[in-house]
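Top line first, the protein sequences correspond to chains A and B.
By the working numbering, the letter at position 252 of the first sequence is numbered 252, and the numbering carries on one by one without gaps.
By the working numbering, the letter at position 200 of the second sequence is numbered 555, and the numbering carries on one by one without gaps.
A few of these clues could be false.
[What the hints assert, rightly or not] Using 20 Å as the maximum straight-line C-alpha spacing, the simulated EDC-like pairs for lysine to aspartate or glutamate come out as follows:
#	chain 1	residue 1	chain 2	residue 2
1	B	Lys486	B	Glu652
2	B	Lys482	A	Glu203
3	B	Lys461	A	Glu203
4	A	Lys33	A	Glu53
5	B	Lys461	A	Asp156
6	B	Lys384	B	Glu410
7	B	Lys540	B	Glu410
To be clear, the hints were calculated from the coordinates, so they are not data collected in a lab.
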Amino acid sequence: MPDNSAPDFSSWSCPLPLRDYPTIVMGHGGGGKLGNELVEHLFLPAFRNPALESLGDAAVFELGSGRLAMSTDSFVVQPLFFPGGSIGALAVNGTVNDLAVSGAEPKFLTASFILEEGFPLAQLAAVVNAMAEAAAQAGVRIVTGDTKVVERGHGDGCYINTAGIGVLRPGINVGPNRAHVGDVVLVSGSIGDHGMAIMSVREGLEFESQIRSDCAALNGLIANVLDAVGPAVHTMRDPTRGGLASTLNEIASASNVGIQIDEASLPVRSEVHSACELLGLDPVYVANEGKAVFFVEAQSADRALQVLRAHPLGQEAAHIGVVTSQHPRMLVARTALGANRVIATQIGEQLPRIC
Amino acid sequence: MKYLNEFRDGEIAQRMAREICQIATRPWKIMEICGGQTHSIIRNGIDQMLPPGIEMIHGPGCPVCVTPLALIDKALAIAAQPGVIFCSFGDMLRVPGTDADLFQIKGRGGDVRVVYSPLDAVELAIKNPDKQVVFFGVGFETTAPANAMSVHLANRRGLKNFSLLVSHVLVPPAIEAIMSSSENKVQAFLAAGHVCSVMGFWEYPPLADKFEIPIIVTGFEPLDLLDGIRRAVIQLENGQHHVENAYERIVTYAGNLEAQRLLAEVFELTDRSWRGIGVIPESGWRLNDNYRAFDAEERFQISGIHTEESQLCKAGDVLRGAIKPADCPAFGKECTPRHPLGATMVSSEGACAAYFNYGRFLSADELAAAGAVHAR
Chain A
1 MPDNSAPDFS SWSCPLPLRD YPTIVMGHGG GGKLGNELVE HLFLPAFRNP ALESLGDAAV
61 FELGSGRLAM STDSFVVQPL FFPGGSIGAL AVNGTVNDLA VSGAEPKFLT ASFILEEGFP
121 LAQLAAVVNA MAEAAAQAGV RIVTGDTKVV ERGHGDGCYI NTAGIGVLRP GINVGPNRAH
181 VGDVVLVSGS IGDHGMAIMS VREGLEFESQ IRSDCAALNG LIANVLDAVG PAVHTMRDPT
241 RGGLASTLNE IASASNVGIQ IDEASLPVRS EVHSACELLG LDPVYVANEG KAVFFVEAQS
301 ADRALQVLRA HPLGQEAAHI GVVTSQHPRM LVARTALGAN RVIATQIGEQ LPRIC
Chain B
356 MKYLNEFRDG EIAQRMAREI CQIATRPWKI MEICGGQTHS IIRNGIDQML PPGIEMIHGP
416 GCPVCVTPLA LIDKALAIAA QPGVIFCSFG DMLRVPGTDA DLFQIKGRGG DVRVVYSPLD
476 AVELAIKNPD KQVVFFGVGF ETTAPANAMS VHLANRRGLK NFSLLVSHVL VPPAIEAIMS
536 SSENKVQAFL AAGHVCSVMG FWEYPPLADK FEIPIIVTGF EPLDLLDGIR RAVIQLENGQ
596 HHVENAYERI VTYAGNLEAQ RLLAEVFELT DRSWRGIGVI PESGWRLNDN YRAFDAEERF
656 QISGIHTEES QLCKAGDVLR GAIKPADCPA FGKECTPRHP LGATMVSSEG ACAAYFNYGR
716 FLSADELAAA GAVHAR
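Please model the complete structure; the sequences and the hints are all you need to start from.
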């Protein structure tokens, strides 16, 4: 099976004069000539936009009127490249999605790199290009950034922090504390893809078909839903670390409501299901990087589902549950056998079982 | 057939549950041996489907739970040593020793790694000739063949830097101990399907005869478990007591002979201390004289360990089936998966963790009320 998780660096042609240094050296973070070359020959061509081009100490831009949303996230994933994505794509999409589920239209991002001495420049270029591609797809601009280099052994190749700013859509008021009794819970697609993609690469597990991360920017999908049923949407979240279970538990607590889901209705890809079974993991706790959950007034739920399914990222969207006044602050699942179980928040990482 | 959903069919499950209701005329107490079965029963809510008189008692078959505290402390002491790569299956990492767990040892600089097979640990030993690689080999008969294979391979390759911290335990002596206890309430057993996939079930007919109990070799999926329970109830109602195989797609009478040959080559019977239960004679395996050189306890000679069990923890009573997890005064209060006092709250196979995670501290009324909304 061809491994399409890592890019092919053999054909990479290094723009002069980066060729002199095929790996990151301490000087690339020193604020001198090497650092400037990195900006001029790598970051600027990849991210090019007017706010960045001035290369000032701060990016200056107009945002128009209205309320703003701001978010930041750091990315330390290993491996840096995995089926369906890379740390670069995650760094852009993660922050874009945090803004989008807050009801904002993402506009501008910052990008900060912490690089380890010895990190191959070709890999950095691939990471940066993945960021540029993700930013273009999401329609956001990377307007300012920073690079620091740490000594060999003090980092894990490449860490990225991004922060983002977006403009809240007028008339939209969503939040984790706004789920109402009677709301319908929708998820935009299959769960557990990202976490199992990472785990299968990291642990060298091979399955019949490769599991791909769902890493994607959700602002387009979310905009469609808000255009169609905006005021009926009470809560949106992207269930990343801790998976769907942690996100739904957080919402149940913040809104002081009970959430009931039907296990049979959860979209789980068969290869993810198999991998989870093999390792003794539960897909409801496995991370996603391109999914959103929506809490929508019941009378608008069908319309919202229709809109989700019409979008390329929402074709497998599903109605998975409802909000109830019973068992406040708890997530209860109806099992395939018709019994009920509580799905609690996971303490730490899920641990593969002995047998 | 993919073996993923075929044995989870809700309609067939409901039909089997109704059949059990029709057969059962009296209350019966049935023990599922294996923690994996406990997990599946609670996760799928199978106990909620049974008639009120049929009580499932959760057995001691959770390797994480019955591994003695002294051995956990020994593992922590070895893992903390410089120059050691300590490998373990994931769910041993959070098991509390007297003062710490393996996660904390890792945080303090110990090289602790989660592996998916003991053979991965052998690979690590080959790649790191300047390190001592130790694999924490716990478990029942199910995990024993892979552990045996690891020392077999290490021996064949002449590895001097691989060892096994081994504490294998066996199901038949545990059944014997439970049935011999004066406070025993168990009337039938669901034998652990995966254990039997290795060992077969030739060991069980003498136990069924001696204690006059039905023993049903049972799998782990909802329909497997319901079938095992159904067969146990039929035998109990008819006053029968023999061994039945309800896991025929995996288990044969003789078992995996190749694995059994390997086990005999590497291990020998030994008395084992079971956490919360005590010493059961000839209830485990250790490395035999030919492989003693690969025994981490011999290699590291850890001494001066002071072990102390929590005074509050009633894990022993839970493992013997004497109480249900929620009957323990510390359950859900001092003892939660976040701050486990005993191993039964750590492993997802542990009865306490299964009860806590799947919300069995709710009353039946509360859970039934939850179902009312689903029935919309």
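Output the indices of the hints that this structure fails to meet, ascending. Structure breaks no hint.
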